[in-house]
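Assemble chain C onto chain L, guided by the hints.
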Amino acid sequence: MGWAIALHGGAGDIPMNLPPERRQPREEGLRRALEVGVSALKSHASALDAVELVVRELENNPNFNAGKGSVLTSNGSVEMEACIMDGNTKNCGAVSGLSTVVNAISLARLVMEKSPHIYLGFAGAEAFAQEQGAETVDPSHFITVENIERLNQAKDANRVQIDYTPPFQATNEKDTAVPEGDQIGTVGCVAVDSHGNLATATSTGGLVNKMVGRIGDTPIIGAGTYANSYCAVSATGKGEAIIRGTIARDVAALMEYKNLSLKDAASQVVKCSPEGTTGLVAVSATGKIDMPFNTTGMFRACATEDGHTEVAIWPSL
Amino acid sequence: MGGWAIVVHGGAGVDPNLPAERQEEAKQLLTHCLHLGISALRSSLPAIDVVELVVRELETNPLFNSGRGSALTEKGTVEMEASIMDGKGRRCGAVSGVTTVKNPISLARLVMDKSPHSYLAFSGAEAFAKKHDLEMVDNEYFITEDNKGMLKQAKEANTILFDYRVPLESCGAEMESLIQMNGLPISVYAPETVGCVVVDSQGRCAAATSTGGLMNKMMGRIGDSPLIGAGTYACDLCGVSCTGEGEAIIRGTLARDVAAVMEYKGLGLQEAVDFVVKERLDEGKAGLIAVSKNGEVAYGFNCVGMFRGCATEDGFMEVGIWE
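Chains as they are written, first to last, in this note's numbering: chain L, 1 to 317; chain C, 1 to 323.
The reader is advised that the hints may include incorrect statements.
Only pairs whose alpha carbons sit at most 30 Å apart, straight line, appear in this in silico DSBU-like list of lysine-lysine [to be verified]:
1) L:LYS288 to L:LYS42
2) L:LYS271 to C:LYS114
3) C:LYS75 to C:LYS102
4) C:LYS130 to C:LYS148
5) C:LYS102 to C:LYS114
6) C:LYS265 to L:LYS263
7) L:LYS258 to C:LYS75
8) L:LYS155 to C:LYS114
9) L:LYS263 to C:LYS88
10) C:LYS265 to L:LYS258
11) L:LYS42 to L:LYS90
12) C:LYS114 to L:LYS90
13) L:LYS90 to C:LYS102
14) C:LYS102 to C:LYS27
15) C:LYS148 to L:LYS155
16) L:LYS114 to C:LYS102
17) C:LYS265 to L:LYS271
18) L:LYS114 to C:LYS27
19) L:LYS90 to L:LYS258
20) C:LYS148 to C:LYS27
21) C:LYS88 to C:LYS278
22) C:LYS278 to L:LYS263
23) C:LYS155 to L:LYS271
24) C:LYS27 to C:LYS131
25) C:LYS278 to L:LYS114
26) L:LYS288 to C:LYS265
Since the hints were derived computationally from the structure, they do not count as laboratory data.
These numbers were taken from a predicted model, which means no experiment stands behind them.
For reference, chain L alone in the conformation it holds in the complex (with noise of 0.2 Å):
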């Protein structure tokens, strides 16, 4: 069977005319992700040992959303979460509104291996991170010159909005941040070793511009995360779409009641998903990748160990 590995930085409207100096750093950070991953696996690390190196190191890339380069709130702080999950066991591991933390992945992973919870945010995670000697920043040192440059943008565009649209409705779309030239989403890795066990892992610093507070879907088991023995799925869109979907369930649950191939699995969700808000990577417990988006562009990249790699932001023609 052999192992396969998918990772994404992130989907949403990416402009096909994206200057290469914006292009090019993205593109370099998803193969040297890639290259994390491939090597773990390949010296025989565990899907879940594999997903969250490589995770570590799309956060410590400051040109993706997670970690340090994540988006800023309205206040212009950082408040990062991430979930990791392991297919075999159904272990999980979340945390939210991190703001020292420098890798979120890893305390995740601490949460699923040392604490008797799931998911622990805010002060408590924080707490949590000190005590278990996590490597812990100002939080200073997530914030980029871009994002608050993207943050400008943000509450720059919703001034005139008010101005311009009636006062908010219910409606079933969620219109959340304001459409921006250069946007990033969340990060994510999935990957199934050489002993067919699967896992998936998503970090993010979420929405622009979002409220205090706001958590989305990547720390929700189901929505923005989630593996069983039959596929792991790490998903990147406009969160509260995506909770909505059960994106990451439904792959899986299509696949367990419905018999589908993991390609028609991952399709079909996406498709089902309102359009420009959902992208996700998709791998099976045969090694077979699926990284299908309704947005313009998805950062992603996948290997598998019969050689074949892909590194991409569009649709492949």
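Chain C in isolation, oriented as in the chain L frame:
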């Protein structure tokens, strides 16, 4: 088939030695809530409004573990969470880490209706509540003497059971301490949650769940109740609310799976509930309630007891605790 239906729960996992008066109190509260819900349904209130109003009643009453009467954190404070979902359009709202909002379910509803997000937590959630003039109280309001006592017992029990995955040594253990949930002996474990699911006369389903969480929990611990797909779910087909061991419910994506097996395997409501309780919980202990768009009610649990009540438009009504 068809017509409105309502189910409420006050938590799964009940001490078999629960004194008779407590059992009676619980049944009376469940009955009262059913009547509230029935009254609302008869006045054609939509499902989403009915589940909110019933859960508000359960939160305000100190008997169960939500709102006033919530289980306490390890520091003796209260941190509440809740979620609500409208099957029509699958809109949802959730909150966690709520410490001063009198009715967390209403805050969850406000997140759904009045914010661009689906889930707000801790100080952000509190700020949002304040902005919208929700009723706020001191954290002390939620703390009851009963629960202060339970917290003490839980701390004592936990010094013995530091890792609940390790089975208890049987020498000296009384019958009750062999029944554990979430690592606590059943006499100390507080059933975690309250919930309500409703289908109205238009066939719209909704679900709502609210809790103080696990007794002696770590600060910041989030359970299944605010997680859409785990503790709460509603869609065109059904509405589901779960209770019990949060970890097991999360791993099993319990609420979503009831709907998923109906959708993807064509199971009926009770079949789906039974399937999920049997197949999705592994060694976990939990229960759930559900309604279908066709006016059916169902519930299931694999632990000792679940406080519940149900009623349908044709006059059926039942309140129970045990099997």
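Comparing the hints with the structure gives:
1. L:LYS288 to L:LYS42: holds (17 Å)
2. L:LYS271 to C:LYS114: Roughly 28 Å separates the two Cα atoms, so the pair holds.
3. C:LYS75 to C:LYS102: The hint holds at about 20 Å.
4. C:LYS130 to C:LYS148: holds (28 Å)
5. C:LYS102 to C:LYS114: Roughly 18 Å between the alpha carbons, so the hint for LYS102 of chain C and LYS114 of chain C holds.
6. C:LYS265 to L:LYS263: holds (19 Å)
7. L:LYS258 to C:LYS75: violated (46 Å)
8. L:LYS155 to C:LYS114: Since the Cα atoms of LYS155 of chain L and LYS114 of chain C sit roughly 19 Å apart, the hinted pair holds (cutoff 30 Å).
9. L:LYS263 to C:LYS88: It holds: about 29 Å lies between the C-alpha atoms, which stays within 30 Å.
10. C:LYS265 to L:LYS258: With Cα atoms ~7 Å apart, LYS265 of chain C and LYS258 of chain L stay inside 30 Å; holds.
11. L:LYS42 to L:LYS90: Distance of about 24 Å is within 30 Å: holds.
12. C:LYS114 to L:LYS90: violated (35 Å)
13. L:LYS90 to C:LYS102: This hinted pair is violated, its Cα atoms lying about 35 Å apart.
14. C:LYS102 to C:LYS27: Within the cut-off at roughly 24 Å; holds.
15. C:LYS148 to L:LYS155: violated (46 Å)
16. L:LYS114 to C:LYS102: violated (33 Å)
17. C:LYS265 to L:LYS271: holds (20 Å)
18. L:LYS114 to C:LYS27: With Cα atoms ~39 Å apart, LYS114 of chain L and LYS27 of chain C exceed 30 Å; violated.
19. L:LYS90 to L:LYS258: Status holds; Cα separation ~21 Å.
20. C:LYS148 to C:LYS27: Holds, at roughly 24 Å.
21. C:LYS88 to C:LYS278: holds (28 Å)
22. C:LYS278 to L:LYS263: holds (29 Å)
23. C:LYS155 to L:LYS271: Violated - the C-alpha atoms of LYS271 of chain L and LYS155 of chain C are around 49 Å apart, more than 30 Å.
24. C:LYS27 to C:LYS131: Cα-Cα ~37 Å, so violated.
25. C:LYS278 to L:LYS114: Holds, because 28 Å separates the two Cα atoms, which is no more than 30 Å.
26. L:LYS288 to C:LYS265: Holds. LYS288 of chain L to LYS265 of chain C sits at ~24 Å (cutoff 30 Å).
In summary, the structure is inconsistent with hints 7, 12, 13, 15, 16, 18, 23, 24 from the numbered list given earlier, while agreeing with the others.
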